[in-house]
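Student: What follows is the residue order along each chain.
There are 2 protein chains.
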Amino acid sequence: MAVAAAASTLRNMLVQRVGKKIVAVGRNYVAHAAEMNASADAARTSDPLIFLKPTSSYVLPPGPIVRPRGFEIQHEVELGVVIGENAVRNVSVAKAMDAVVGYVCAIDVTARNVQNVAKEKGHPWTVSKSCDTFCPISDLIPRQKLPDDVLLEKGVELYLKVNGQERQRDSTLSMVWTVPELISYVSSRMTLESGDIILTGTPSGVAYMLPGDVVEAGITNHCSITFDVQDGESSAWDEYRSSMAT
Amino acid sequence: MAVAAAASTLRNMLVQRVGKKIVAVGRNYVAHAAEMNASADAARTSDPLIFLKPTSSYVLPPGPIVRPRGFEIQHEVELGVVIGENAVRNVSVAKAMDAVVGYVCAIDVTARNVQNVAKEKGHPWTVSKSCDTFCPISDLIPRQKLPDDVLLEKGVELYLKVNGQERQRDSTLSMVWTVPELISYVSSRMTLESGDIILTGTPSGVAYMLPGDVVEAGITNHCSITFDVQDGESSAWDEYRSSMAT
Ligand SMILES: [Mg+2]
Ligand SMILES: [Mg+2]
Ligand SMILES: [Mg+2]
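From first to last, the protein sequence lines stand for chains A and B.
Using this note's numbering, read the first sequence as starting at 1 and increasing by one per residue.
Using this note's numbering, read the second sequence as starting at 1 and increasing by one per residue.
Any given hint could turn out to be false.
Straight line, CA to CA, 35 Å or less: simulated DSBU-like cross-link-like pairs of lysine-lysine [unchecked claim]:
1. K20(A) x K95(B)
2. K161(A) x K145(B)
3. K20(A) x K20(B)
4. K95(A) x K20(A)
5. K121(B) x K95(A)
6. K20(B) x K145(A)
7. K20(B) x K119(A)
8. K145(B) x K20(A)
9. K121(A) x K119(B)
10. K95(A) x K119(B)
11. K119(A) x K121(B)
12. K121(B) x K145(A)
13. K121(B) x K121(A)
14. K119(B) x K20(A)
15. K154(A) x K121(A)
16. K119(A) x K95(B)
17. K121(B) x K161(A)
It should be emphasised that the hints constitute simulated quantities derived from the structure, not laboratory data.
From just these sequences and the hints, can you work out the full model?
Tutor: Right, here's the structure in full:
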């Protein structure tokens, strides 16, 4: 229990209070890109696809994950890489792992209908990825508990279940770009700071979450998190827009 | 000088240390949308277009604004709205201004070639908007110095010059969505926290910035900021990708 409390405190302090950004990677598992009718660049000839989620989207177990009105939300279970004490910029792949203090299991909640419209129109993905509660996370798994050689050579297994039914399960070895490669790439564009997280992409099996669902996600042998799903209420903005229309 | 120092300290403490996100608004001036061959929704029938920039992109005068290799960068002068002490979620338009502690003049630096490819492919805009130094900002202008009635009824004038030549100049009254409307909308999607900034969109006249350029931006009668532009160096990631190709 002391260890669990420490992991929770580390997550709270570092990721939730100090951390300033969540950099997420799209299409980093070939099978997931295929189910999105998109191309994961398995040949690795173009840079990783990245986007931002705000830290205001963090939510802790038991949630709820809130579905905004008019949004159809899907789960994407992902390995989150947490940046440690020192900011990194332009770090090489060879030295990238030195920046890591630990990991979280996260769900990259995505409003798929909103994202699909954004893709069609060439608009930013932001709204589809950034609402409050769109980034459920676990306690911190310190890097010592998941050593580099285990992560990078043996891999760890991500899984996600909805109402007890398995939806996603794959090894992190299936990633197109490895964790050190992602850190090096992101740090070539933007400085990674203490408590920042990189979400490393989701395996195949993404599907909708409905109000009343219970979603369990985890990293086999490392952590398990469970969240309720609820419908959101009408917002002041919705009411304002409605009043404009009349 | 005491006032200037206080404004600088407020910006440093609140925006740079405490603030966690930059929510930027696209196409909020009709004339700029037109020059992008895009539609600003002058009829206001769809929600504002928003995207995120990371706080790691802040840079203070005199810069430099750094142009990454292969990126063609443009200036977008914008009014930045700074959120005060209390987080806001689902705030109404009528009460939105209570969340504001002050303003900054900012430049939403944009890699236009990278953004154009992203739009074509339906990819996130993130890389084109998020590199280090892509958010030059001024000191904080406290809300008392720019009262709500002045901002919302009289408007303030944004301008930007490159090497002394005027490129952008317009009143904030030309915005499609007003400041309180933008705050209400964004807060209906994501909680706005202390030190967060909303960039409220740019007037027409955006153009390229080249190494050696001197860029001056400001809000008439309120602030003026000046930045140098420089070319960036090759990154560890660039070298890694080159070595992969051989
Ligand atoms: Mg994802
Ligand atoms: Mg952020
Ligand atoms: Mg802009």
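Student: None of the hints should be skipped; say for each whether it holds.
Tutor: Each hint, compared with the structure:
no.	hint	verdict
1	K20(A) x K95(B)	holds (27 Å)
2	K161(A) x K145(B)	violated (54 Å)
3	K20(A) x K20(B)	holds (5 Å)
4	K95(A) x K20(A)	holds (22 Å)
5	K121(B) x K95(A)	holds (32 Å)
6	K20(B) x K145(A)	holds (29 Å)
7	K20(B) x K119(A)	holds (26 Å)
8	K145(B) x K20(A)	holds (29 Å)
9	K121(A) x K119(B)	holds (8 Å)
10	K95(A) x K119(B)	holds (33 Å)
11	K119(A) x K121(B)	holds (8 Å)
12	K121(B) x K145(A)	violated (40 Å)
13	K121(B) x K121(A)	holds (10 Å)
14	K119(B) x K20(A)	holds (26 Å)
15	K154(A) x K121(A)	violated (41 Å)
16	K119(A) x K95(B)	holds (33 Å)
17	K121(B) x K161(A)	holds (32 Å)
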